[in-house]
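K.L.:
Sequence:
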Amino acid sequence: MKKLTKICLCLLMAVIMVGNQSSTVIADEDYSNSEYWLNRCTNYGKDDASACEAYKAYLESQNAEMSQQIAAWKAQKADMEANISKYAAKISEYQTQIDTKQAEITQKEAEIDAKQKEIDRKQAEINQNQKTADKLQDKVKTRMVLNQPTMRTNQYIDILMGANNFTDFIRIANGLSTISQYDKKTLNELVQIIATLNKQKEELVVAKNELEIQKKEKQDQQKELITLQTYVQIAQEAAQKTAAALRGSIETKNSDIAQNNALMSGITAQIEAIPTTNGWTYPVDGAWRSAGTWSYPDGSIHLGYDAAA
93 MKKLTKICLC
103 LLMAVIMVGN
113 QSSTVIADED
123 YSNSEYWLNR
133 CTNYGKDDAS
143 ACEAYKAYLE
153 SQNAEMSQQI
163 AAWKAQKADM
173 EANISKYAAK
183 ISEYQTQIDT
193 KQAEITQKEA
203 EIDAKQKEID
213 RKQAEINQNQ
223 KTADKLQDKV
233 KTRMVLNQPT
243 MRTNQYIDIL
253 MGANNFTDFI
263 RIANGLSTIS
273 QYDKKTLNEL
283 VQIIATLNKQ
293 KEELVVAKNE
303 LEIQKKEKQD
313 QQKELITLQT
323 YVQIAQEAAQ
333 KTAAALRGSI
343 ETKNSDIAQN
353 NALMSGITAQ
363 IEAIPTTNGW
373 TYPVDGAWRS
383 AGTWSYPDGS
393 IHLGYDAAA
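So the mapping is simple: the working numbering equals the position in the sequence shown, first residue as 1, plus 92.
Simulated from the structure, these hints should not be mistaken for laboratory data.
Given the structure is predicted, the values throughout are model-derived calculations rather than measurements.
Warning: the hint list may mix true and false statements.
Said to hold, decoys possible - Below, in silico cross-link-like pairs of lysine-lysine (DSS-like), each with a Cα-Cα straight-line distance of 27 Å or less:
| # | residue 1 | residue 2 |
| --- | --- | --- |
| 1 | K169 | K182 |
| 2 | K223 | K300 |
| 3 | K300 | K310 |
| 4 | K310 | K207 |
| 5 | K200 | K315 |
| 6 | K207 | K277 |
| 7 | K291 | K307 |
| 8 | K315 | K227 |
| 9 | K277 | K223 |
| 10 | K231 | K293 |
Working from the sequences, and respecting the hints, build out all of it.
P.N.:
So this is what it looks like as structure tokens:
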């Protein structure tokens with residue numbers, strides 16, 4: 093799980109790094125206003141040729157730098173995809189653990205339901221046995237009152253009625269020799285019922301404790317499940333965000349390069365369209381041109397066209 097945490101952090105850092113990278117071409121001229129340079133270099137005269145050549149060189153250098161950035165981002169993207177593929181198995185492993193944990197929780201819920209039904213059944217048995225014990229106790233007391241008319245026996249009854257609990261009552265009653273065999277049988281039944289009742293109460297306490305333990309285990313399993321699901325979600329979102337950021341950066345730079353290439357093509361076409369000179373220059377303002385055929389002082393004939401500069 094710690095490895096997956098480190099992966100998530102690395103993916104998030106990669107997103108931040110991609111977002112913070114930018115082109116850093118430095119030039120003497122201010123080439124930030126591409127619209128100005130586009131207009132200047134597509135409608136210029138011969139005096140703009142040098143500046144537009146420099147702007148073209150700037151675009152070429154910018155393209156070169158952006159190409160390097162794209163190459164670096166592609167390498168980073170390849171590494172990131174390799175890492176994502178490498179840890180996809182880890183995410184799959186966590187997903188398997190999640191499925192297992194969900195199955196354990198479902199099983200635990202079934203165990204809790206079964207334990208609760210067991211507790212309800214034991215409680216019903218205890219309630220029924222308690223009623224039986226109460227009836228037997230009343231039956232024994234009633235028979236002793238009806239069947240013992242002497243003062244001496246009444247004293248026994250007083251002794252029995254002074255018992256603090258069922259155990260004392262039965263112990264005292266068994267010690268009285270005057271109790272009939274039938275009553276002793278009833279007392280034995282009462283003893284059995286009370287023993288069963290006490291055992292059931294103990295089992296009920298154990299069952300309730302087990303139920304609380306199972307509920308606690310279920311809560312722990314649910315916490316582990318939520319933790320695993322959170323790690324998987326973070327890893328997947330970070331990977332998707334990183335891949336999207338890299339794709340966006342590469343697409344943007346490719347678009348910028350295409351735009352620069354179009355500008356350079358236009359500038360190159362304009363530069364090539366400038367008329368070339370054969371060595372003759374145009375006359376300056378106020379100069380004159382001569383034409384016609386005439387003779388030099390030495391008698392030779394002038395043929396051609398003079399353009400004064």
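K.L.:
Next, verify each hint and record whether it holds.
P.N.:
Verification of the supplied hints:
For a cut-off of 27 Å, the pair hint linking K169 to K182 stands: about 20 Å separates their Cα positions. Our distance criterion of 27 Å between C-alpha atoms is met by K223 and K300, whose separation comes to about 23 Å. At roughly 15 Å between alpha-carbon atoms, K300 and K310 fall within 27 Å of each other, so this suggested pair holds. For the hint linking K310 to K207, the alpha-carbon distance of about 14 Å falls within 27 Å, and the restraint holds.
Using a Cα cut-off of 27 Å, the hinted pair K200 and K315 holds, with the two alpha carbons roughly 14 Å apart. Distance check on the hinted pair: K207 and K277 sit about 36 Å apart at the alpha-carbon level, beyond 27 Å; violated. A threshold of 27 Å between alpha carbons decides the hint, and for K291 with K307 the separation of about 24 Å falls inside it, so the pair holds. Only pairs whose Cα atoms come within 27 Å are accepted, and K315 paired with K227 is rejected, the gap being roughly 51 Å.
At most 27 Å may separate the alpha-carbon atoms for a hinted pair to count; K277 and K223 meet this at roughly 18 Å. A threshold of 27 Å between alpha carbons decides the hint, and for K231 with K293 the separation of about 24 Å falls inside it, so the pair holds.
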